[in-house]
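Chemist: Given only the sequences and the hints, what does the whole structure look like? Please build it.
Numbering (our numbering), first residue to last: 52 to 750.
It should be emphasised that the hints constitute simulated quantities derived from the structure, not laboratory data.
Values in this document were obtained by computation on a predicted structure and should not be read as measured data.
All clues given are correct.
Pairs of lysine-lysine, PhoX-like flavour, derived with a Cα cap of 20 Å:
no., residue 1, residue 2
1, K569, K747
2, K93, K117
3, K556, K743
4, K743, K552
5, K718, K556
6, K743, K707
7, K136, K749
8, K369, K445
9, K456, K445
10, K500, K456
11, K500, K136
Using C-beta positions, here's what the derived DEER-type ranges look like:
no., residue 1, residue 2, range
12, G709, K297, 57 to 63 Å
13, G686, K569, 40 to 46 Å
14, K540, P700, 31 to 37 Å
15, N275, S53, 49 to 55 Å
16, N654, N105, 34 to 40 Å
For glycine and all other residues, C-beta sits at the position ideal for the given N, C-alpha and C.
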Amino acid sequence: MSSIFSDCCFTFSGSFEEGSHKTLGDIVKKHGATTSSNVTVKTTHLVSTEEDYNTKKSSKISTALKRGEKVSIITWKWVEDSISKNKRLPESEYVLVNEENEDKNGDGDEQNNEKDDKDKDEQIEDKNDNKTLPISRKRKLKLDTSSDQDDKIVDNSSIVVASSSKTVVSKKKRKIKANVSSSTIDQSDGNDVKVDVMQVDERKMVTIIKKGKAPVDEMFSMNNSTHVYADDQIVWDCLLNQTNVKGNNNKFYIIQLLESDSNSSYYVFNKWGRVGYPGQTTTSGPFSSLPLAQHEFQKKFRDKTGNSWADVCNDKSKFVSHKNKYTLLERDYGEDMDEDENENVNESSDVPDSQLHPKVQDVVQMIFDINAFKSIMVELNYDASKLPLGKLSKATITQGYQILKRIEAVITNVNSGNLVDLSNEFYTVIPHSFGMRAPPIISTIVMLKEKLDMVEALGEIEIAASLIKSADSKINLVDSNYNSLNLEKMEPLDHNSEEFKLILKYVNNTRGSTHYYKLEVLDVFSIERQGENERFSKYSNLHNRMLLWHGSRRTNFAGILSQGLRIAPPHVPCTGYMFGKGVYFADCVTKSAGYCYSHASDNIGFMLLCEVACGDMLELTNSDYYAEDKVKKEGKHCTKGMGKIVPDPKEYVTLKNGTIVPCGKGKDMNDNSKFLYYNEYIVYDVNQISQKYLLKVKF
Numbered sequence: 052m053s054s055i056f057s058d059c060c061f062t063f064s065g066s067f068e069e070g071s072h073k074t075l076g077d078i079v080k081k082h083g084a085t086t087s088s089n090v091t092v093k094t095t096h097l098v099s100t101e102e103d104y105n106t107k108k109s110s111k112i113s114t115a116l117k118r119g120e121k122v123s124i125i126t127w128k129w130v131e132d133s134i135s136k137n138k139r140l141p142e143s144e145y146v147l148v149n150e151e152n153e154d155k156n157g158d159g160d161e162q163n164n165e166k167d168d169k170d171k172d173e174q175i176e177d178k179n180d181n182k183t184l185p186i187s188r189k190r191k192l193k194l195d196t197s198s199d200q201d202d203k204i205v206d207n208s209s210i211v212v213a214s215s216s217k218t219v220v221s222k223k224k225r226k227i228k229a230n231v232s233s234s235t236i237d238q239s240d241g242n243d244v245k246v247d248v249m250q251v252d253e254r255k256m257v258t259i260i261k262k263g264k265a266p267v268d269e270m271f272s273m274n275n276s277t278h279v280y281a282d283d284q285i286v287w288d289c290l291l292n293q294t295n296v297k298g299n300n301n302k303f304y305i306i307q308l309l310e311s312d313s314n315s316s317y318y319v320f321n322k323w324g325r326v327g328y329p330g331q332t333t334t335s336g337p338f339s340s341l342p343l344a345q346h347e348f349q350k351k352f353r354d355k356t357g358n359s360w361a362d363v364c365n366d367k368s369k370f371v372s373h374k375n376k377y378t379l380l381e382r383d384y385g386e387d388m389d390e391d392e393n394e395n396v397n398e399s400s401d402v403p404d405s406q407l408h409p410k411v412q413d414v415v416q417m418i419f420d421i422n423a424f425k426s427i428m429v430e431l432n433y434d435a436s437k438l439p440l441g442k443l444s445k446a447t448i449t450q451g452y453q454i455l456k457r458i459e460a461v462i463t464n465v466n467s468g469n470l471v472d473l474s475n476e477f478y479t480v481i482p483h484s485f486g487m488r489a490p491p492i493i494s495t496i497v498m499l500k501e502k503l504d505m506v507e508a509l510g511e512i513e514i515a516a517s518l519i520k521s522a523d524s525k526i527n528l529v530d531s532n533y534n535s536l537n538l539e540k541m542e543p544l545d546h547n548s549e550e551f552k553l554i555l556k557y558v559n560n561t562r563g564s565t566h567y568y569k570l571e572v573l574d575v576f577s578i579e580r581q582g583e584n585e586r587f588s589k590y591s592n593l594h595n596r597m598l599l600w601h602g603s604r605r606t607n608f609a610g611i612l613s614q615g616l617r618i619a620p621p622h623v624p625c626t627g628y629m630f631g632k633g634v635y636f637a638d639c640v641t642k643s644a645g646y647c648y649s650h651a652s653d654n655i656g657f658m659l660l661c662e663v664a665c666g667d668m669l670e671l672t673n674s675d676y677y678a679e680d681k682v683k684k685e686g687k688h689c690t691k692g693m694g695k696i697v698p699d700p701k702e703y704v705t706l707k708n709g710t711i712v713p714c715g716k717g718k719d720m721n722d723n724s725k726f727l728y729y730n731e732y733i734v735y736d737v738n739q740i741s742q743k744y745l746l747k748v749k750f
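Modeler: Below, the structure is given as structure tokens:
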């Protein structure tokens, strides 16, 4: 039985699709919680629904509100997510918010008195030739998801709004399904002008087109006859983002300079709104000359960011963020990615069949599964519509790490700073989708670790995306992706071999008694990375070499296999690394399995067995962020975090090359001086690691 809710007392209010209050109560009790039918002094969590919280206002809600911070009023999803991750997650992202207190315009601009620029209604004036240019009336939708009021241009005809912001990946038209409802929603813009907006779901066909380096936004009415203008490697397209946690602002702004495919006319398209919602649009033009359109684009960019487009268009690192202004998000303008595109790469009959073993083909397809990448992004609350798969840049990932390191310094009292401002900065650089919930302030070590895990996962996805985009279209796609891993070999083991049986014994014997994973080994692959044996040769004769477990998300293995297990660079916060920045291993299989997060990938994941040169170990019974320094100072080779439950040394197996396999059954040493339940091994030099086996496991 899990104990993640051991200090929690739950009360339930409202009707739940998941079951009755008793059913939900039985679930949380299995994980250590107690329950109460009413809100009492013991109640720590009231689980409710948006309907019950905002509409019915039950007596339980009223009592909980009176108790203030002593009771967290949260949704059932917090319980589900905590159970799935086997740890108690921060409640801040699951709290129910009173709609009456939310920003009715979605972004809190009015409350913050931000002075967004107001374009003139019907015209712009070109100072160069004293000529007034008409602005064509384009659709402008006001949802309660945005409040930038750029124009008061309203077309009272019905407007179809795309519910998807999917970016197209090919240079031909793609279709996204949506279905237009015949009903309309009465919505108003900033001047209370009524706009009939036709609802759209995901079954209607909406055309999205990419020509050149950037796709024309799907909400631009002439996207089939225009393209994003580009010259001298400058793409006149920008994505801006701004988050303000106090004002419940989490909004985007898009500016595109569009050129007609058939004549010399130009448009400047603007789109803005709350992250995760379609938003509203306006268009300036047509302009009869390129300089006029460029002037309008640059004016809008300066108004929104406080920066000159001329200064930053060639070098995004020169961009300077200003308070209450939007921040420019750096995008990779290389080839786009999409699962359909990958499926169609090898449509030509000239492309040979895969030369790989069918089991290896299956592994490669799972490692490079684009849908799995997208699922992880959703799970992490990352807004992939703004920086979609394949558009993440290393610079963005690095910037996210750097902000988290500054947050860490404030939380740990190393430096002074404003956590609200720093949280705003992080959410602006790494777009999040919170729906209408207020973005939480990153104010605790637990929340910081959660965001650190997020950026790390995005970094691994960026590596995988770059490998996919480099695929060789002349050979089978699976083979091309395999080649990008730079492996000397990946060979499936015979299930009847002694090698396989030993690994199976290691799995079965070292399941942790406090873990609930039911691991089924589906396949084991003997692997060798290019150049790794040569790098490991320095330690190949070191004493105390052990075969140890390492677990990670399935989406991380493209990076792990192609680039090896890596140590976090200096700009990454130390928080979350119990024994400093290193590569972590375990001799308990379920200890490492906990880092696979297999629930996000159909409960199928991968684990590594690595030969690790442990040598002389610094043995610690408690966490120590400075363990690496002590290892170097004392002339040791690694750190060993001492666990209470350890494999029985009498059952260890020593391989022919001297490597120890600690496959003994777990023994509880009944030593309360030890902080950990299970052993951990940490090395600070990647040359001490040689990847030996990849396991495909069902959790």
